[in-house]
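Novice: Chains A and B, in that order, are what the protein sequence lines are. Residue 43 in our numbering sits at position 43 of the first sequence; the count goes up by one each step and never skips. Residue 92 in our numbering sits at position 92 of the second sequence; the count goes up by one each step and never skips.
In short, the hints are calculated from the structure, not lab data. All C-beta atoms, glycine included, are put in the ideal place defined by N, C-alpha and C. A couple of the hints might just be wrong.
Stretch by stretch, here's where chain A covers chain B in the computed footprint (C-beta under 8 Å, at least three residues) [said to hold, decoys possible]:
(1) 32 to 42
(2) 58 to 70
(3) 100 to 106
Restraint ranges, calculated between C-beta atoms of paired labels, are given here [what the hints assert, rightly or not]:
(4) B/K122 with A/Y156: 33 to 43 Å
(5) B/K122 with A/N97: 39 to 49 Å
(6) A/N97 with B/T147: 23 to 33 Å
(7) A/Y156 with B/E98: 46 to 56 Å
(8) A/Q14 with B/A59: 29 to 39 Å
(9) B/A38 with A/L43: 53 to 63 Å
(10) A/Q14 with B/E63: 55 to 65 Å
2 protein chains.
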Amino acid sequence: MINLRPAQYAGSWQGDIHVPSYISGYFDGEGCFSVAIAPRRRLRVGWEVRPSISVSQNADRSEVIDHICSYFGCGAIRPDPSDATVKWESRSISDLNERVLPHFRMYPLLSGKHRDVRALDKICMMMARGDHLEADGLRVVVELARTMNPSGRRRYQPEQILEDLRTR
Amino acid sequence: MINLRPAQYAGSWQGDIHVPSYISGYFDGEGCFSVAIAPRRRLRVGWEVRPSISVSQNADRSEVIDHICSYFGCGAIRPDPSDATVKWESRSISDLNERVLPHFRMYPLLSGKHRDVRALDKICMMMARGDHLEADGLRVVVELARTMNPSGRRRYQPEQILEDLRTR
Numbered sequence: 001m002i003n004l005r006p007a008q009y010a011g012s013w014q015g016d017i018h019v020p021s022y023i024s025g026y027f028d029g030e031g032c033f034s035v036a037i038a039p040r041r042r043l044r045v046g047w048e049v050r051p052s053i054s055v056s057q058n059a060d061r062s063e064v065i066d067h068i069c070s071y072f073g074c075g076a077i078r079p080d081p082s083d084a085t086v087k088w089e090s091r092s093i094s095d096l097n098e099r100v101l102p103h104f105r106m107y108p109l110l111s112g113k114h115r116d117v118r119a120l121d122k123i124c125m126m127m128a129r130g131d132h133l134e135a136d137g138l139r140v141v142v143e144l145a146r147t148m149n150p151s152g153r154r155r156y157q158p159e160q161i162l163e164d165l166r167t168r
Numbered sequence: 001m002i003n004l005r006p007a008q009y010a011g012s013w014q015g016d017i018h019v020p021s022y023i024s025g026y027f028d029g030e031g032c033f034s035v036a037i038a039p040r041r042r043l044r045v046g047w048e049v050r051p052s053i054s055v056s057q058n059a060d061r062s063e064v065i066d067h068i069c070s071y072f073g074c075g076a077i078r079p080d081p082s083d084a085t086v087k088w089e090s091r092s093i094s095d096l097n098e099r100v101l102p103h104f105r106m107y108p109l110l111s112g113k114h115r116d117v118r119a120l121d122k123i124c125m126m127m128a129r130g131d132h133l134e135a136d137g138l139r140v141v142v143e144l145a146r147t148m149n150p151s152g153r154r155r156y157q158p159e160q161i162l163e164d165l166r167t168r
């Protein structure tokens with residue numbers, strides 16, 4: 001199960017468990033697909049886009065987090081002492097585009113959360129082309145990101161970012 | 001995917017997703033395997049054993065809960081208006097023994113949570129034989145239940161129940 005490439009995912013079984021399907025099921029429950037957009041003076045466009053895919057589990061049963069890290073062959077595992085959980089997270093655009101998102105294209109989530117995955121997928125493809133570094137591309141990113149995680153809280157509202165882009 | 005029997009689980013695919021594996025992955029993240037033991041005067045042994053397998057999801061993406069209900073062909077779906085989630089739960093001993101637990105024997109959880117499933121499985125098998133209606137059997141149930149969900153809170157402590165059984 002180590003460092004699988006998308007083409008090899010399908011052949012991955014553990015006993016009667018089809019590992020790619022199990023991982024999608026796990027992410028459907030516990031996974032977080034998010035895009036943070038925060039001010040960054042150094043960038044000409046003034047805002048930085050930070051996509052992330054992560055998943056947590058109680059530290060006392062974190063085996064599945066190790067599985068996930070090996071399966072994707074990327075990302076990092078960090079303990080969160082505040083609530084005794086362990087988190088796997090991938091934030092690198094190339095890892096997300098080449099290792100993580102191809103999995104979710106092949107084994108999509110069965111709940112409405114798949115819409116978050118699809119929006120994140122589009123954003124990461126745009127970022128690979130550098131679209132987010134120009135105001136026009138960033139506007140599209142902001143609109144895609146606003147459709148994600150409607151129940152989550154945002155530090156910077158989409159309207160605020162779009163207004164800033166208008167006046168720049 | 002309706003009313004599957006254990007023998008048919010294996011053939012259940014949705015596109016490239018192996019549904020039984022997906023469901024085990026989902027339960028590894030969001031599932032709750034629990035046994036409540038509460039006083040009940042009407043029973044000679046004085047305590048009632050209530051096993052439960054349940055899983056929740058935000059109401060705005062509850063499709064996967066519907067899938068799970070159809071897949072097992074038992075249990076009930078209830079909205080929880082307090083936190084805008086929807087919960088599927090099975091509490092019937094015969095449903096648990098005949099429809100739900102055989103799945104988790106065939107497609108076990110990959111995290112340490114599988115120990116909870118195994119303890120619950122043993123308790124439900126004992127209950128099918130009526131062991132929990134006698135003090136000796138109930139003692140074993142209490143010991144098995146105390147190993148489960150170590151992070152969860154209990155209304156009645158195992159020591160309290162065992163002490164009561166001693167003095168009965």
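Novice: Enumerate the violated hints, using their earlier numbering and listing them in ascending order.
Specialist: Failing hints, ascending: 1, 3, 4, 6 and 10.
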